[in-house]
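Q: Letter by letter, the chains look like this.
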Amino acid sequence: MMAAARRAWTIAKKDIRIYYLRGPVIIFGVLFPAFLFMAFAWGRGLPARDLVPGLIAMALFFTSSATTPAVMPFETRTRTLERLLVAPITVPTLICGDVLAAVLFGVVFSLLPTAFAVGIIGAPLNHPAFLIAGILLSALCFAILGSLFSLPPTDNPSSIMTISNLVRLPLIFISGIFVPIAHMASWMQFVALLSPLTYTTEIIRAAFGERVIVSPWLCLVVLAGFTVVLWVITITAHRRNMPKRLVG
Amino acid sequence: MNAVIRVEDLTRYYGDHLAVDHIDFEVAGGEIFGFLGPNGAGKTTTQRMLTGILPPSAGSAYVLEHNMVRDPLGAKEHIGVVPEVANPYIELSGWQNLIFAGELYVLPRPELRSRAEQLLEQFDLWERRDTRARAYSKGMKQRLMLAMALIHRPQVLFLDEPTGGLDVASRRLIHSRVQELARSGTAVFYTTHNIEEANMLCDRVAIIQDGQLAAINTPEALKATFSGSQAVEVAFEGPMDPASLEAIAAVNRVEKHGDKFHLYTDSPGQVVSAVVDIARSEATRIVSVNTLGPSLEEVFVRLTEPGGGSQ
Ligand SMILES: Nc1ncnc2c1ncn2[C@@H]1O[C@H](COP(=O)(O)OP(=O)(O)O)[C@@H](O)[C@H]1O
Ligand SMILES: [Mg+2]
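Chains A and B, in that order, are what the protein sequence lines are. For the first sequence, position 240 matches number 240 in our numbering, and the numbering has no gaps at all. For the second sequence, position 97 matches number 97 in our numbering, and the numbering has no gaps at all.
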């Protein structure tokens, strides 16, 4: 168990070095959510404070799910995967390492807008514990979601990124990022409740003292549920698909 | 034989295509076991099943007594593998790649560092240890892969065509390291399509063709099964009438190759002394004499040619 944890950490450190600590990834991680957010929200003339929870949720969502989809196809293409598989490492440990790196990335890049919001705009952080718990659990959930996108045993990262964006972009419009779900029509609320990102925005809004319709505790429970279900699916399917990644 | 690799009825289909066809063999500790076959014979598929990353369709493989389907992790701690097409991380330096590999085996830090230093020296990469592998030549990358495979001092080493397309210096370095490892007790499963390499390096050779084992034996024993094709090669100072060479009782057939004659025979010793007699009686001098054993290549060609079948 300890050995497996150390192996997962080894994988995570490798991912951070190779996939995260690069100029474009970092710049994209900061700018993309910020721009999207400004384009959709600031354009409507909402006060800056109202935008804070949505901004944090969006940064968290995009950064923690950004890279896990690409790692498997990329390592299939660069022919580094087979070397990993012959080491004493199980598929869950391997995915765990990829997820761990993504969680760290997501947490760091959602703490940046949080610090900006609290320190500069003076947004009222009433319940920091909910914010921290919500960020951690959401990062885990989205990192695993990202890994799920990489199930097709292709060696083409860009086709996986296309699949990933086809799912991720619509999610941000139904999950209460721009319009709190408390202000949505009831049929929209129903759709929103199907998305894990909704529970992230809700718990972050609650942490900043905004009106919510899902209690923070329930958000944590639902996020944990999504996390477990997505994990089981991704592990089972990756295990089955792994031999198909052994090419030529 | 205390087998470190035991293969029973191992079989692999890809769809309907039978890539590995019910093969059996064993490999002992300290043995260099050559797995020789043409492209598409099933070598890589076999190695992948032996290293626990590809499930067999039937049969089983045991490495160090671990079943590679049920308990691959137990064996993976003690095996080193260089896959056929595999790369180090080009974004990382040679040193970082080695440390990464060592951490996957959870080696203690001080031991890992000294082992990494030692391997970088042994594989002639020390000077370039801090260069990213992106800038390494093909030979350097392969030497790094081998160092990574050895970081945890494995008991069994699997190499899939490790010298294919490499420069001479890298090839020789890899050969000599493999021989040293075998001398110190490591079993080596050495996949190759290069007959001369198998002949020169391996204690035993399995010849695989279309997923089936055509033969397993020492290189010399394989050659001996075709003893009829031994020959004596002789060159004379002056002209020589092939008829007088054909007249030697033990000679089956004479071929002229440039200034040399190839005298095919079952008993090269008798032929050599007859040739000396002829030279003396015809008052000419022998410039050179060699005995040509049947090459492993001939064995290989005969075993793998269509209709050649297993002898
Ligand atoms: N992933 C795969 N899917 C389908 N067929 C494959 C696959 N890998 C190998 N084969 C086929 O199986 C046979 C054996 O391949 P391989 O084990 O790679 O041979 P070798 O390593 O001896 O060149 C070949 O006919 C090859 O085309
Ligand atoms: Mg091969």
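Hints may contain errors.
Think about it this way: if two alpha-carbon atoms lie no more than 30 Å apart in a straight line, the pair counts; the simulated DSSO-like pairs of lysine-lysine are [as the list claims (entries may be wrong)]:
(1) A/Lys244 / A/Lys13
(2) B/Lys256 / A/Lys244
(3) B/Lys256 / B/Lys223
(4) B/Lys138 / A/Lys13
(5) B/Lys223 / B/Lys260
According to the in silico footprint, chain A covers these stretches of chain B (three or more CB under 8 Å from chain A) [as the list claims (entries may be wrong)]:
(6) 15-23
(7) 27-36
(8) 85-92
(9) 137-145
What the simulated footprint calls covered on chain A by chain B, stretch by stretch (three residues with Cβ under 8 Å from a Cβ of chain B suffice, anywhere in the stretch; the number is not a length) [as the list claims (entries may be wrong)]:
(10) 87-100
(11) 205-213
In short, the hints are calculated from the structure, not lab data. Even for Gly, the Cβ is constructed at its ideal location relative to N, Cα and C.
Q: Taking the hints in turn, state whether each one holds.
A: Hint-by-hint comparison with the structure:
no. : hint                : result
1   : A/Lys244 / A/Lys13  : holds, 26 Å
2   : B/Lys256 / A/Lys244 : violated, 54 Å
3   : B/Lys256 / B/Lys223 : holds, 23 Å
4   : B/Lys138 / A/Lys13  : holds, 26 Å
5   : B/Lys223 / B/Lys260 : holds, 23 Å
6   : 15-23               : violated (count 0)
7   : 27-36               : violated (count 0)
8   : 85-92               : holds (count 8)
9   : 137-145             : violated (count 1)
10  : 87-100              : holds (count 4)
11  : 205-213             : violated (count 0)
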